[in-house]
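Heads up: the sequence shown begins at 16 in this note's numbering, then just goes up one per residue.
Note that these hints are calculated values from the structure, not bench results.
Fair warning: there could be bad hints in the mix.
Just the calculated beta-carbon pair ranges, DEER-fashion [as the list claims (entries may be wrong)]:
1. Val192 with Gly212: 15 to 25 Å
2. Asp106 with Asn49: 30 to 40 Å
3. Gly199 with Arg138: 52 to 62 Å
4. Ser47 with Gln229: 17 to 27 Å
5. Ala278 with Glu308: 38 to 48 Å
6. Ser62 with Gly261: 52 to 62 Å
7. Cys170 with Gly215: 30 to 40 Å
C-beta atoms are modelled at their ideal positions from N, C-alpha and C, and glycine is treated no differently.
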Amino acid sequence: MAKDYDNIMGTRELTSGKRTLALAAKALEGASQNLGNPFVQAVQRISECSGKVVVSGVGKSAHVAAKIAATFNSTGTKALFLHAGEALHGDLGAVEAGDCVLCLSKSGASDEVVALLPALQKRGCTILAMTAVADSPLALSAAIVLDVAVEEEACPWDLAPTTSTSLQLALGDALAVALMEHSGFQPDDFAANHPAGKLGKMLTWTLASLVDPQRKPAVPWTAPLDHVLKVMSEGRYGATVVVKDGRPETPAGIITDGDLRRALAQGSVEGLTAGDLASPAPQTMKADTLAREAASWMQRQGISQVVVVKEEQYVGMVHLHDCLREGLT
């Protein structure tokens, strides 16, 4: 009965999960402490590579290799994933002289990887290895060997690649980041490679991306209060720009909901015009300002909207909620 109760409460599962994570953490800490000259050499060799980086493996290592190649590509290092088995059946044609080939194999003796090595050498490729066995065929064929040995896999029978693949993945990330820093890769470069998704928005969307040209609230300096209320209601920004005669595209002031509330709290508003309510010289932002930077500024200033200009001309407003809706914070 007690055993069933423990199972219901998830004790065994929790213990298993913690053990898996602890083993991974231990392996990563050990790798960090032992990281040395081979890693530096690998970064230098890849950065000096006249071709591309080909990342290869079989089994679980192939899945890790695919992720490493994807990370390389998005962070400025041209890379290609090549399944070692498929390479032996024609995909080797993608590999050229001058390429660096990073082969992943815990044992360093996977049949497909070993069979691939002579062809890579014949093509004049530089072979880099991630393996746990220093005297394996892969290690002996490689110019540089990155050690991915672990004390034990998280698998209770020490069979399924778990801890070792976590280490492979982390070491691939370490290479990618070191190469980014070595090459001077910048956020703008990342944005060029990643235009979609939330990351793409964060790095590429500007205020111009959020401005609605059909919603551009503005009233003359002499406009009566009822007109101000109408324009603010239709604009749905909780504010309107105030312009002066002769300069219809230049914001001379701004009226917000807060300005209206303060005016009402002071007594009668009869006869008031937009100019009486406006805060002069509103702060503006250029249309090419990154939206996430504008959102951060609005939050720091405790305001809800920003006046957007292009070449000093008023083009519209952006509300903080517009940024929040798109995840740009």
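ask   = Honestly, do Ser47 and Gln229 meet the 17 to 27 Å range at C-beta?
value = For Gln229 against Ser47, whose Cβ atoms are near 55 Å apart, the range 17 to 27 Å is violated.
ask   = Does the Cβ pair Asp106, Asn49 satisfy 30 to 40 Å?
value = holds (34 Å)
CB-CB spacing for Gly261 and Ser62 relative to the 52 to 62 Å hint = 59 Å Cβ-Cβ, so the 52 to 62 Å window holds.
task = Given the range 15 to 25 Å, decide if the beta-carbon distance of Val192 to Gly212 lies inside it.
result = Given range 15 to 25 Å: holds, Cβ gap about 20 Å.
Beta-carbon spacing of Cys170 to Gly215 - inside the hinted bounds 30 to 40 Å or not = About 37 Å separates the Cβ atoms of Cys170 and Gly215, which means 30 to 40 Å holds.
task = Mind checking the hinted window 52 to 62 Å against the Cβ distance between Gly199 and Arg138?
result = violated (30 Å)
query = That 38 to 48 Å hint for Ala278 and Glu308 (C-beta), does it hold up?
reply = violated (32 Å)
Of the numbered hints stated above, those contradicted by the structure are hints 3, 4, 5, listed in ascending order.
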